[in-house]
Each structure stands twice: as C-alpha cells, then as structure tokens.
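Engineer: Chain residues, written in single-letter form:
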Amino acid sequence: MKTVKRLMVLLVLSLLVVAVTACGGQAQKEAPKPLVWGMLSDIETLNPILSESSNETDIMNGIFSTLIKVNDKLEFVPDLLEELPTLSPDGLTYTFKLRKGVTFHDGVELTSEDVKFLMDMKLAEGNAVPSRDHFSKVDKFEIIDKYNFKITLKELDVTWLEAWAYSENMIPPKHILEKEFKENGNSLTKGGNFSRKPIGTGPYQFVEWKPNEYIMLKKYDKYFKGAPKLDTIVFKVIPDTNALLAQFKNGEIDVYDKAQPNQYKELVAMKDKGAAIEVFKYPAFIYLHADFNLRNPIFQDKRVRQALNYAFPKQQFIETVLDGIGTPADSNIPPISWAYNPNVRKYDYNPDKAKQLLDEAGWVVGPDGVRTKDGMKLAFKLSTNSGNKIREKFQEIAKQEWEAIGAKVEIQNYEAATLFGDILENIKFDIIIFAWVSGFDPDSKTLWHSKQIPDETGDGQNYVGYKNPRVDELLEAGLKETDIEKRKKIYWELQEILAEEVPYMFIYYYNNITAVPTSLVNFKVNPTQANNTWNIWEWEWKK
Amino acid sequence: MGKKLLKRMAISLVTLFIISILSFALMELAPGGPMAVYAENPKISKADKERIKARLGLDKPAHVRYYLWLTNILKGDLGTSYKTGRPVATEILQLLPATLKLMTVSFLISIGIAIPIGIYSATHRYSWVDNLVTFGSFFGLSLPVFWFGLLMIYVFALWTKLLPAGGYLTPWFNPGDYGLLVRPLAVLWEHLRYMIMPAIVLSLMNVAGWSRYMRSSMLDVINQDYIRTARAKGVPEKLVIRRHALRNALTPIVTIIGLDLPYFFGGAVVTEKIFAWPGMGRLFIDSVFARDYQVLMGIVMITAVLVLLGNLLADLLYTVLDPRVKYEG
Numbered sequence: 001m002k003t004v005k006r007l008m009v010l011l012v013l014s015l016l017v018v019a020v021t022a023c024g025g026q027a028q029k030e031a032p033k034p035l036v037w038g039m040l041s042d043i044e045t046l047n048p049i050l051s052e053s054s055n056e057t058d059i060m061n062g063i064f065s066t067l068i069k070v071n072d073k074l075e076f077v078p079d080l081l082e083e084l085p086t087l088s089p090d091g092l093t094y095t096f097k098l099r100k101g102v103t104f105h106d107g108v109e110l111t112s113e114d115v116k117f118l119m120d121m122k123l124a125e126g127n128a129v130p131s132r133d134h135f136s137k138v139d140k141f142e143i144i145d146k147y148n149f150k151i152t153l154k155e156l157d158v159t160w161l162e163a164w165a166y167s168e169n170m171i172p173p174k175h176i177l178e179k180e181f182k183e184n185g186n187s188l189t190k191g192g193n194f195s196r197k198p199i200g201t202g203p204y205q206f207v208e209w210k211p212n213e214y215i216m217l218k219k220y221d222k223y224f225k226g227a228p229k230l231d232t233i234v235f236k237v238i239p240d241t242n243a244l245l246a247q248f249k250n251g252e253i254d255v256y257d258k259a260q261p262n263q264y265k266e267l268v269a270m271k272d273k274g275a276a277i278e279v280f281k282y283p284a285f286i287y288l289h290a291d292f293n294l295r296n297p298i299f300q301d302k303r304v305r306q307a308l309n310y311a312f313p314k315q316q317f318i319e320t321v322l323d324g325i326g327t328p329a330d331s332n333i334p335p336i337s338w339a340y341n342p343n344v345r346k347y348d349y350n351p352d353k354a355k356q357l358l359d360e361a362g363w364v365v366g367p368d369g370v371r372t373k374d375g376m377k378l379a380f381k382l383s384t385n386s387g388n389k390i391r392e393k394f395q396e397i398a399k400q401e402w403e404a405i406g407a408k409v410e411i412q413n414y415e416a417a418t419l420f421g422d423i424l425e426n427i428k429f430d431i432i433i434f435a436w437v438s439g440f441d442p443d444s445k446t447l448w449h450s451k452q453i454p455d456e457t458g459d460g461q462n463y464v465g466y467k468n469p470r471v472d473e474l475l476e477a478g479l480k481e482t483d484i485e486k487r488k489k490i491y492w493e494l495q496e497i498l499a500e501e502v503p504y505m506f507i508y509y510y511n512n513i514t515a516v517p518t519s520l521v522n523f524k525v526n527p528t529q530a531n532n533t534w535n536i537w538e539w540e541w542k543k
Numbered sequence: 001m002g003k004k005l006l007k008r009m010a011i012s013l014v015t016l017f018i019i020s021i022l023s024f025a026l027m028e029l030a031p032g033g034p035m036a037v038y039a040e041n042p043k044i045s046k047a048d049k050e051r052i053k054a055r056l057g058l059d060k061p062a063h064v065r066y067y068l069w070l071t072n073i074l075k076g077d078l079g080t081s082y083k084t085g086r087p088v089a090t091e092i093l094q095l096l097p098a099t100l101k102l103m104t105v106s107f108l109i110s111i112g113i114a115i116p117i118g119i120y121s122a123t124h125r126y127s128w129v130d131n132l133v134t135f136g137s138f139f140g141l142s143l144p145v146f147w148f149g150l151l152m153i154y155v156f157a158l159w160t161k162l163l164p165a166g167g168y169l170t171p172w173f174n175p176g177d178y179g180l181l182v183r184p185l186a187v188l189w190e191h192l193r194y195m196i197m198p199a200i201v202l203s204l205m206n207v208a209g210w211s212r213y214m215r216s217s218m219l220d221v222i223n224q225d226y227i228r229t230a231r232a233k234g235v236p237e238k239l240v241i242r243r244h245a246l247r248n249a250l251t252p253i254v255t256i257i258g259l260d261l262p263y264f265f266g267g268a269v270v271t272e273k274i275f276a277w278p279g280m281g282r283l284f285i286d287s288v289f290a291r292d293y294q295v296l297m298g299i300v301m302i303t304a305v306l307v308l309l310g311n312l313l314a315d316l317l318y319t320v321l322d323p324r325v326k327y328e329g
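Those protein sequences? They're chains A and B, same order as listed. For the first sequence, counting from 1, position 114 maps to 114 in the working numbering; every step adds exactly one. For the second sequence, counting from 1, position 118 maps to 118 in the working numbering; every step adds exactly one.
In case anyone wonders, no lab produced these hints; they're calculated from the structure. Given the structure is predicted, the values throughout are model-derived calculations rather than measurements. Fair warning: there could be bad hints in the mix.
[Said to hold, decoys possible] In the BS3-like style, the derived pairs of lysine-lysine whose C-alpha atoms are separated by at most 30 Å in a straight line are:
id: 1; chain 1: A; residue 1: 97; chain 2: A; residue 2: 73
id: 2; chain 1: A; residue 1: 179; chain 2: A; residue 2: 229
id: 3; chain 1: A; residue 1: 302; chain 2: A; residue 2: 281
id: 4; chain 1: A; residue 1: 389; chain 2: B; residue 2: 7
id: 5; chain 1: A; residue 1: 122; chain 2: B; residue 2: 49
id: 6; chain 1: B; residue 1: 49; chain 2: A; residue 2: 140
id: 7; chain 1: A; residue 1: 150; chain 2: A; residue 2: 222
id: 8; chain 1: A; residue 1: 122; chain 2: B; residue 2: 46
id: 9; chain 1: A; residue 1: 140; chain 2: B; residue 2: 75
id: 10; chain 1: A; residue 1: 150; chain 2: A; residue 2: 229
id: 11; chain 1: A; residue 1: 137; chain 2: A; residue 2: 489
id: 12; chain 1: A; residue 1: 355; chain 2: A; residue 2: 281
id: 13; chain 1: A; residue 1: 467; chain 2: B; residue 2: 49
id: 14; chain 1: B; residue 1: 49; chain 2: A; residue 2: 480
Based on the provided sequences and hints, a complete structural model is requested.
Structural biologist: In structure tokens:
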C-alpha cells in the first residue's frame, strides 16, 4: 500500500512539472526572443575608460558609441560625428563635428564637453587607465561650441585616428562620471559605481550584471540611429569551451563567437546536417611568432635565423595541427591589410637549404650531431606558456626539425603569468613563442625601433633587441606620411627587410570562427578590435 | 571543557597566523604576478605599467604589503581585488549563495544515498547488491568529472532536452508569466532544473567514497560483542542495526564529513565550469590565473578557518554520538 501511495505522489508531482514546463514554453513564445551571446569568461568592468578586455568591448559596443567606427570592409565611417574629421594642411589639427540630438540613456544630450572629459579622464593621474598612448600625443583640445571641437597633435601621426574607433575611446557621460571621479578622491576604479551600472549613448541600455553568470541589455528606443530591433541581449558566461559548444547546439546560446579551431569541423558538420546556422571563418589581426633573442651570439647571424625558418614546415603545421584554421605569416602585416606586400622572401620548407646556410655561417657538425662554432654549441631553449596545445605542438615539430639540421633544442615552458611577467619582461629567453594583437594600421614602431628596446631604453616591446637604422627611418616615416600610396611603399620596404632579416619567425595569423543562427539578420564579422558586435544596432531577427 | 575549548581556539589563531604567512610567502615567491596580464598588449608602455603597479600598491616591498594586509584583516577588511577593484568580501559574498545552494543539495543527496547504501552493503556482505555497489563505487571514483559532466549534458540536454545544459537561472525568467496556481511550482522547477545535473555529478564522487567508509565502519561494528549480545537478547534485527550499530558506526563518518566541510565554501572548479555555475571554485581558479592575490588570500584564510572549525565541530559531534568520549581539547 505504502509504495502505491508513494508512486501516486510521484506521478502527480511529475505531471505538475510537465504542466509547468509546458506553460513556460508558451509564455516565452509571446515575448520577443532575447538574443544570447556566449562568452568564455566574465568581465571586470563596463567603464570604457578602464576597460582592457575584448569581452568588455563586445558588450560596450551595445551600451556606448564612438566618434567613428571601422566597418566590416575596414573603412572608417562616422558614428557620433556628422562626417569623418577633417585634417588641417599641416596634418596636425583635426576638426570634429558631432551629431545633434544624441542622448545618453538618462536623456541628457551628448556634447563636445563629454569628449573633452574622456581625454581628461584618460590623462588623470588617479585613474588606472591601461594606456595613455592616444591622448599623450595631443597638444591641445579646443571646444568651439556644443557640437564642434578641434584637436591638435604634438606631431604628425597618421595612425592616430584609428583608436577613436575602439572601445578605449567610447564617449562617457561627463554629468555622471565626473561626480564619481571627484567623490572618489579624483580617481576612477573598476570597483566604482559606473563600472557596474554604465550609461552611454549606444543602442542598448544596461539592465543587470550577475557575476560569472550574465550581463543583460535592453533596447534604447531613443538611439540616435533609430530604435534597435532586438528587445533584449544577454551575454552569458560559460567558462568551458566544450560546454559552450553544447549550449550552442542546444540553442541556449544563439551566437558562439570565437569558437575554438578544433570545433570548426563540428560546427560545419552541424550546418551540413541542416542546422539553420552560419559559420564564419576569417583571418584576424593576431599572429603567432617565435622571437630570437638577438643578444644571444648564436642568433646574431641572420643566416642562422633564416636556416631555422627554412627548416620548419609552416604550411604543413597549419594544415595538420590547426586543421587549416590559420593563414601563413611572412611578416607582421596580414594579407587582409591594405599595406600587405605579397612579394617578400618566403621560407618554404627546405631543410637542405637550411643546412647549407648553417654551413656557410661556419657551424660545423660535431661528433654528437650538434653543430658548433668557436667552441659554442648551436644549443638553445624554446619557451612558451605551458598548456597552450598549439604552441606546444609547434615546439615539438620545431625541436624535431631543428635537431635534424644539427641544433640542440631544449623545450622549457612556463605558466603564462611567469612567461610574460618574468621571462619576456626581463629578457631571459633564447626563443620565445607568443602572439601579438595588432591594430589594422600597419605601424609597428614599438616592436622594431632601436629606441624601443626595454632593457636599454626602459620602454617599448622590442624584446628581441633588433637594431637596423633603415628600419628606424621607415618606422618614423610611416607615422608621418599622409599619402596612402607613399605610405604603402614605406611598409612594403619594411616587410621586405623583416622577411629577409627575420628577427622573428612569423608563424601564422589566427583565424576567428564565429557561428550564428541564420535567423539573425545583419550580422557582419569585423576582424579589427571593434569586434563582431560593432554593428549591433543593425541586428534583428528574421521575420 | 570551556577552558580546553579556549585553549584550542588560541592554538587555532596561531595556526591561522602561520598559514597566512606561508600562503603570502608562497604567492610572493611564485614568478609572474598581477602585472603579467598586460604583457601581451603592445599598447601598454613600461611607464603605464609602473603607474598601474603603484596604483595597486605593488611597488611596496613584500613585508610591507603583508603588514598592511594583516592590519586590514584584523579590522575585518579582506582587502580589494586587483582585478575588479572591488572589496574581496563583496566578490566572495556575491558567489557564496550559489555555492552553498549547490553544495548543500549535493551533500544532502550524497548522505541520503551513501549511508543507506553503506549499511545495506555491510549487512548483506558479498550479496550481488553489495558486489554491484562495490563495482559502482570504484567506477564512480575513477570517472573523470568533466567527462561525466559532458556525458550528462549530452544525454539530458542535447538528446532528451529534459534539462538546460548549464547556467544558474534563466535571465528573463519571470514568475508573473505563470498562473497563480502553478507559480510556486514554476519557481521551484526553475531553481531545480539548472541544479540537477551539477548536483548529481558532485554527489557521485561523495557517494562512491562515503558509502565505502560507511560499509567498512558498519562491518567493524556489527562484529562487536555487544551487537551479538543485543541479538542474543532477542532485539529485532532492524532495531539492532538502527539503534545499536548505526550510532556507533556513524562516528568515523562524521569525521570525514567534518573534514569535507570546507568544500561547502570552496566550490567545485570543474563542475562549476562545465555547468556554467557561478560558484566559488571559479572565483578561486580565476584569481589564481590572474594572480589576484588579495582574493586568493581571502579565500585561503576563510577556508583555513573552516577547516579548523570543521575539525572542532567533528570532535564536538563525537561527544554527542558517543557519550564515552569527553571533550579533552
């Protein structure tokens, strides 16, 4: 009897559960469908002045606006401006003209004062701003009236405009943030109120942020380009890539941005089986490179560096290890850039040529198979951040191939914090493998200029210690040339030199993979730092 | 007993102090540091880094920072996270409810299953059920958590669509969408459905381990003379087990569960990651990778306090379960 009773209770309970879930399904269909965007980690702040991460950019693209944008065709287009800023003949003064009637989510109009305030905040001593690079180049900021202002640079710098398109220069509301700045002893921190309750001029307004769970936005009807079409957007934190894929398959997230390379095949298979999704694969402005420490006498001879380049099967590495999800790199300028030079020296796999170069450089094979020169062995360490499978695979192949031409390679990896905080920073490497994220402007002065060697000049990212007077000249000229054709010539020459001298072994450009439902209209991938939510105001569900 | 208790508390305080020095020193000796996150960004200059360092107070020598941390913690302030700029206490408190919710449920499930299974196995030793349980326990113990979790997601979310693959609550869940009558059930189900899979995954390990302990502890007891005496006196078997054997057999289990108490707070990294559960385990691991020492110190210290408390509690529970044991510090 007892068991029968229990069974009855269980049955009734389960029926109720079914009833509830069924009702739930109906109720949700009536409300407009929220868009759910999956991301791998939680964010730290939504205050663009302090923001550093790409996830934050994805969300802030909804909340804030920038003066200009970089579109999916890599062109500048005005956003908060009436038109692109005009440049004075001396190339120093930009004149900006703001749109009229743009409002923050609290209804207050955006004016030149807000832009000036952004600069003040970026330069304020008390603010933990990641980089002051952009505004440290400004000589003066003149407000003409509510909608017009002029910015004069200290010196000509044609790369300066690009940063206005990115989240670091999203325009904050002065009337709100100035108060927080003053009340907090002239400083803004990620712990501040605005960080967790941002107000901007973007198409979506902030609703809530549940730590390690999600960030929710809802549409702002008075957005200056017209009310956006989606009702609610949720950015959901799912800290595991397998779980992200599972949730995408299950429809719990709609957009899977920056999927893992090894998930590409599965996503494509999903599409082929009839799932209503679109899978994008496109090169990004991020490249993997192996850097030779040029202070090490072994690497001072460029023939050794070239030999190591020839002895690595780059193409095969991309096809097998990366499943083809990568674009081979010959220099630090990717093929999607306007400045890309396709005619530079290329290092197709050729171990014989590598051996020949080492012979010419005077490295003689010893009895143990390792080459020596002047009592010095061709032995070095190869380091990267441990746990990164692709980089570790690169090391394995490199070790095998390089030892075959007479080198002795020791793999020594460190946890990321150590690798970047100590080994790279304090230049304790022989060859170090990591990636750079570049802007879409081809300038790379901090990487190659002889005044940018950190242990000599105290600043810069020329960790390899590369010195070449012609490269210095080109890098400086590249920042001053306003004519794009002439500028292109400068970077073409730079790429030729870099490909010839290979201070880095340029490995490959990352490809991004993003999967979206076909029912999402106007989703356009953007390989720059503007990210794929750059045109979030245009998105809508197919009717 | 009061005096002994006080003495024990004093020893605990010294232990905590030593733990704090050791953990601080370990973090200090670990290479890298909170500034390493800026390394791969070519836009951040050395001057920028120096500025950020000073701002976080990292320019001061280690012993000064430890002193500052200690004086703060004595005032009840756990410090400020390097990463988010918010008080460490806020960071922890925000994730604590979800952690406790999941942990409590999985603890209850584990105890509810492990103890009866253990008792049954012991009283029916070498029966086919006992053998099955033994096999199941080893299977459960050797199952990798992430694999089992993904399998659950595949079966219950992707395949049968019974449960959501992960999350805590549906962001747009609104009880007002449901009729008054079903509303409480809808809310209950909303809370349950996200929790079922992670709770089961977490319980599996506990059940597998604890049921073994319970079995062997029960076996020890039922072979004792006083059990035989009870049986000889004609006490029904059910009563023998429940009143005489179980109570004695539970003592070692209480110790084990007491030692597991810090897990309530610490969360479970892998399970939380796979099911996107916003718990303490993720805060801990994220803080490790970001070298957010302030948060790490906070978590380590609270965990240390809980370990000490758990031990104390287990000792005190002994005296309840076994009247012969007197608390002797």
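Engineer: Determine for every hint whether it applies to the structure shown.
Structural biologist: Hint by hint, here is what the structure shows:
Between residue 97 of chain A and residue 73 of chain A, the direct Cα distance comes to roughly 24 Å. Compliance with the 30 Å bound is thereby established for this hinted pair. Pair hint residue 179 of chain A plus residue 229 of chain A does not hold up; C-alpha atoms about 33 Å apart against a cutoff of 30 Å. As the CA atoms of residue 302 of chain A and residue 281 of chain A are separated by approximately 35 Å, the hinted pair breaks the 30 Å bound. Distance check on the hinted pair: residue 389 of chain A and residue 7 of chain B sit about 52 Å apart at the alpha-carbon level, beyond 30 Å; violated.
At most 30 Å may separate the alpha-carbon atoms for a hinted pair to count; residue 122 of chain A and residue 49 of chain B meet this at roughly 15 Å. Taken as a hint, the residue 49 of chain B and residue 140 of chain A pair is honoured in the structure, with Cα atoms around 25 Å apart against an allowance of 30 Å. Between residue 150 of chain A and residue 222 of chain A, the direct Cα distance comes to roughly 28 Å. Compliance with the 30 Å bound is thereby established for this hinted pair. Between residue 122 of chain A and residue 46 of chain B, the direct Cα distance comes to roughly 17 Å. Compliance with the 30 Å bound is thereby established for this hinted pair.
Pair hint residue 140 of chain A plus residue 75 of chain B does not hold up; C-alpha atoms about 47 Å apart against a cutoff of 30 Å. With a C-alpha separation of about 35 Å, the suggested pair residue 150 of chain A and residue 229 of chain A falls outside the 30 Å cut-off, and the hint is violated. The hinted pair formed by residue 137 of chain A and residue 489 of chain A meets the criterion: a straight-line CA distance of about 25 Å does not exceed 30 Å. For the hint linking residue 355 of chain A to residue 281 of chain A, the alpha-carbon distance of about 37 Å lies beyond 30 Å, and the restraint is violated.
With a C-alpha separation of about 24 Å, the suggested pairing of residue 467 of chain A with residue 49 of chain B holds against the 30 Å cut-off. For the given pair, residue 49 of chain B sits about 27 Å from residue 480 of chain A by alpha-carbon distance, which is consistent with the 30 Å threshold.
The earlier numbered hints that this structure contradicts are 2, 3, 4, 9, 10 and 12.
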